[in-house]
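On the provided structure of chain P, position chain A as indicated by the hints.
Protein chains: 2
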Amino acid sequence: MAAAQLTPAHLSERHRPTLDQALEAIRTRAYWSPHPEHPKAYGENGSLSAADGLAAHKATLGSRFDLDQPGTDGWTGGEVSPYGPELGVEYPHVDVDVLLPAMRAGLGAWRDAGPETRALVCLEVLARVSARTHEFAHAVMHTSGQAFMMAFQAGGSHAQDRGLEAVAYAYAEQVRTPQEAEWSKPQGKRGPLDLRKTFTPVGRGIALLVGCNTFPTWNGYPGLFASLATGNAVLVKPHPRAVLPLALTVRIAREVLAEAGFDPNLVALAVERPGEGIAKALAVRPEIRIIDYTGSTEFGDWLETNARQAQVYTEKAGVNTIVVDSTDDYKGMLANLAFSLSLYSGQMCTTPQNLLVPRDGITTDAGPKTYDEVVTDLAAAVDALLGDDARANGLLGALVNPDVKARLEAAADLGEVALPSREVTNPDFPDAVVRTPLVVKLDGSKPDAEAVYMSECFGPVSFAVAVDSTADALELLRRTIREKGVMSVGAYTTSPEVERAVEEVCLEESAQLSLNLTGGVYVNQTAAFSDFHGSGGNPAANAVLCDSAFVANRFRVVEVRRPA
Amino acid sequence: MAAAQLTPAHLSERHRPTLDQALEAIRTRAYWSPHPEHPKAYGENGSLSAADGLAAHKATLGSRFDLDQPGTDGWTGGEVSPYGPELGVEYPHVDVDVLLPAMRAGLGAWRDAGPETRALVCLEVLARVSARTHEFAHAVMHTSGQAFMMAFQAGGSHAQDRGLEAVAYAYAEQVRTPQEAEWSKPQGKRGPLDLRKTFTPVGRGIALLVGCNTFPTWNGYPGLFASLATGNAVLVKPHPRAVLPLALTVRIAREVLAEAGFDPNLVALAVERPGEGIAKALAVRPEIRIIDYTGSTEFGDWLETNARQAQVYTEKAGVNTIVVDSTDDYKGMLANLAFSLSLYSGQMCTTPQNLLVPRDGITTDAGPKTYDEVVTDLAAAVDALLGDDARANGLLGALVNPDVKARLEAAADLGEVALPSREVTNPDFPDAVVRTPLVVKLDGSKPDAEAVYMSECFGPVSFAVAVDSTADALELLRRTIREKGVMSVGAYTTSPEVERAVEEVCLEESAQLSLNLTGGVYVNQTAAFSDFHGSGGNPAANAVLCDSAFVANRFRVVEVRRPA
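Residue numbers (full-length UniProt numbering), protein chains in the order written: chain P, 1 to 564; chain A, 1 to 564.
Keep in mind the hints are simulated off the structure, nothing from the lab. Predicted model only: the values in this text are computed from it and were never measured. A few of these clues could be false.
[What the hints assert, rightly or not] Straight-line distance between alpha carbons at most 30 Å, and here's what the computed DSS-like set of lysine-lysine pairs gives:
1) LYS189(P) x LYS40(A)
2) LYS280(A) x LYS405(A)
3) LYS185(P) x LYS331(A)
4) LYS185(P) x LYS280(A)
5) LYS189(A) x LYS331(P)
6) LYS185(A) x LYS331(P)
[Claimed, not checked] Residues from chain P that keep clear of chain A, each with C-beta distances beyond 10 Å, as calculated:
7) ARG64
8) PHE65
9) TYR83
10) ALA102
11) GLY106
12) GLY114
13) GLY261
14) ASP263
15) SER296
16) THR297
17) LYS405
18) ARG422
19) THR425
20) ASP472
21) ARG479
22) ASP531
Think of the CB as a built atom: it goes at the ideal place given N, C-alpha and C, for glycine as much as any other residue.
Looking at chain P on its own, in the form it has when it is part of the complex (with noise of 0.2 Å):
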């Protein structure tokens, strides 16, 4: 390897304010992000323009993405985007038997460079990923189905926020054991026991990052960088249909890493040809242990159960509740939730599917609203939202793969539909599936009904289920986040009795709860730094974004004592 670019004292000059900002902000939680959401705060200072993002974006289309890495065995890819357009992307093929030692080999020193390297090091990936947000945007944009404007913030600057969260607190939690401690205990006449002791974090060896087609970075970023600075290489396998992002990603790393001085080699890509689903085998691979997965259940379960040799950690489905009340802010709050249901159409892990109306109505500010008219209302909101099809575009944008368009179909036969569906034309895209949320009505207390709402709809559908009274929601919110898990539960009411009793639900069953939104913050929106995504003790999910348990089990503390 070439004499490093980087040094530490570079590394240090350039981030350790930030991550010192950062350690401050987990430890505050208050407001704080050094990666700016405006499209029109990049082009400067060695970021790219929004022109120039978009050029970069176009050159890297239909073109071989060469990483150099070992063990290269062919060459595969076939994303498509949401939009229409295919990418014609290729990617290295690679032979795990030649790769998985290839990465091993630099993990001594990767340990011996200690915890703040480490960290540095990282940050140097993201501000090099910061500075091309405008290109992500694009390249999450054609594998996610967000609109521009969505996968620039979600999948730009606040997944960058995400990933320096996790390297925050992995740093933090490595330096919580000094490097060396004295330790001298009396023994009374005789003179003291004298020991001098070393603690070093040492990683677990590699860890395995299984990436989603939805939030190919937000979710994949914390995974990768709580590893990357525990101390352990990261293999990426990336979702077939979402693998531009990563792959940037990863050659980022990589050349950041060899400037530093270390081998390239600790964080490589692996994508698998068509039908091939290499995530089973390198699951169980001995060198793999530790796995960050975001998918479905069935493969977060299987992972749980079969990774044993691993550390797994996973989110999966759920089936996040809405519980209605009361309001102050009828118009608000009906807003707000039409515009929880739009947001990308629904696909996020934390939109809302079940909203739970009392079937005898509410009261609000703008007077008792039955079930019927709670509904009627929403469906008007959302149709308000999205009347507009521009607005509606840069909303909604398309729907991620054609299983997501195939549920919704199904989705109106479920029940009554409140909100039909609506199709949207994209005059940049007209391959683009674009629809508007469905919203169908359930009578909560039908076992036909029951089956429904009790399973994730993962896409544009909500449900409005009539319940019997609040106090009835509250029990099927129990029952929901208990047997299905949550991402998400949000709740209306103006009662301090109503407020009390959805708090001890979600204390008593372990879910993150947002009161009475109505503004400019959505249920289906958690900030770094500051919200938790998920809770790691329901169904949902058995890790959180990010929290001390995300990151403590990724490396363990060796002792070596010697006489003093």
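Chain A alone, transformed into the frame defined by chain P:
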């Protein structure tokens, strides 16, 4: 429940300074303990004197140990001291279908008490246990077979240290996230988005502690107190041969909880009828969300595979190894090893089993020593240490159960006996089975020998394994750690290169290393607040006593956010 006699203010005044010292100790890992090791330190300030402790112990023998637990459906118990006498104590047998729901009843109030009050309640429990250390010493002695002084220290003050350490980690981890945060996100010309957020640590539910025969308190307290301090209830399932020390602990915990105004059923005892084997049934109950286990690899693996609804923390078997390369204190090395092999008849999970010695011999300050000389001199050192029967009894204690005796007797046929095991008579307890350690010579290159030394042979049995070279020893060490796991590794060398090489093996394979111990610290001893017990990174254990990873996943943090 009666009004609390132990108010938060009382608890804080009594114990907050101790908690703060413990927090500082785990940060610096310097020597610290609030629990005196010397029996004469007790007898004042409310603690039991030697005579009172013995009297209290005797008063318990032959009686019913009532705990006033819900669901008591009979009485059971059949402990026989490894020193001979039957204890004659009967414990409540419980109907878990009644007990488990009763244990959940107090969880809400325990959660609402918050991390500090929970920690201080735990410290009050530990303080009362500490005051009765003399009584506990007899209980541990007559269930584990430890000699009195070891039972007093390892089963008394050191176990209390490990419990306190777990409380400190649990407290620190829960208060990393603030209770509240104000979040204000700038929105340019529009006003900021403002949210008020609360964060509450919530326990997972009921934790199950599956106790062990040899160290009921030392190995039991970390999990018990970590779970309790993080807001869980704890069901204690002792080893049927070592109930009394944990029953005493449960009784004290229940008293303290009640006096502090909490439900005493947050801690309960489940003792099985002979052959009932309740651990398996309890371990897969949906109410059980955390399991701590010390014992056989077989049952530990069963728990990890089957108790999928729980976080499972296991300490299992290992093949502890000493690498002997060279020394500048030959006498000190032999004396140190002799002590390590003898202490508690080698029945510690950290006792060295395999001593790897180059067949061409080693260099020492007393000149070169052949393999045969090293083994002969070690045997002589053990003989010298244990030549006096009174001293031998004080070090060896008694064999904990007939399995260990059978294993020891069979081991004499496994190879050439370098040091035969000797029967020692205990004048105070003529029925005690007291044996000195057996050392067997094995040729490391022989496959049939490998089958012997690569399996754990728990008890006073060690193998002096002849290896081709120190490099060969390190390769065997690596393979042993990776395939079988270790709780402890020791090495003796005067060579900086060898020292670095053995450190590298331990760093790469995740094992705790003691170098060149020749004085009064032994490879099988670890001190709370400073030494890690196990690494959690090799097959001997998936957890460490004690680090953040040991506590961070015993609770989750529930966030509630609302417009500010």
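**OP:** Could you let me know if the closest chain A CB is still more than 10 Å away from the CB of PHE65(P)?
**Re:** Check passes; 33 Å lies beyond 10 Å.
Original post:
Would the least Cβ to Cβ distance between GLY114(P) and chain A come out above 10 Å?
Top reply: holds (13 Å)
Original post:
Is the Cα-Cα distance between LYS280(A) and LYS405(A) 30 Å or less?
Top reply: holds (27 Å)
**OP:** Could you let me know if the closest chain A CB is still more than 10 Å away from the CB of SER296(P)?
**Re:** holds (18 Å)
Original post:
Does LYS185(P) pair with LYS280(A) here, judged by a C-alpha cut-off of 30 Å?
Top reply: Judged against 30 Å, a Cα distance of about 41 Å means the pair is violated.
Subject >> Exclusion check [ARG422(P) not at the chain A interface, CB over 10 Å] >> reply: holds (30 Å)
Original post:
Minimum Cβ separation between THR297(P) and chain A greater than 10 Å?
Top reply: Given a closest Cβ separation of 14 Å, the condition holds.
Original post:
Between LYS189(P) and LYS40(A), does the CA-CA distance stay at or below 30 Å?
Top reply: holds (15 Å)
Subject >> Closest CB of chain A to the CB of ARG479(P) still more than 10 Å away >> reply: holds (14 Å)
Subject >> Assertion that THR425(P) lies outside the chain A interface [Cβ separation over 10 Å] >> reply: With a cut-off of 10 Å, THR425(P) remains clear of chain A, as the shortest Cβ separation is near 31 Å.
Original post:
Is the nearest Cβ of chain A still more than 10 Å from the Cβ of LYS405(P)?
Top reply: LYS405(P) clear of chain A: closest Cβ-Cβ about 33 Å, beyond 10 Å.
**OP:** Say whether it holds or is violated: ASP531(P) keeps its Cβ farther than 10 Å from all Cβ of chain A.
**Re:** Given a closest Cβ separation of 6 Å, the condition is violated.
When each numbered hint is compared with the structure, violations occur for hints 4, 22.
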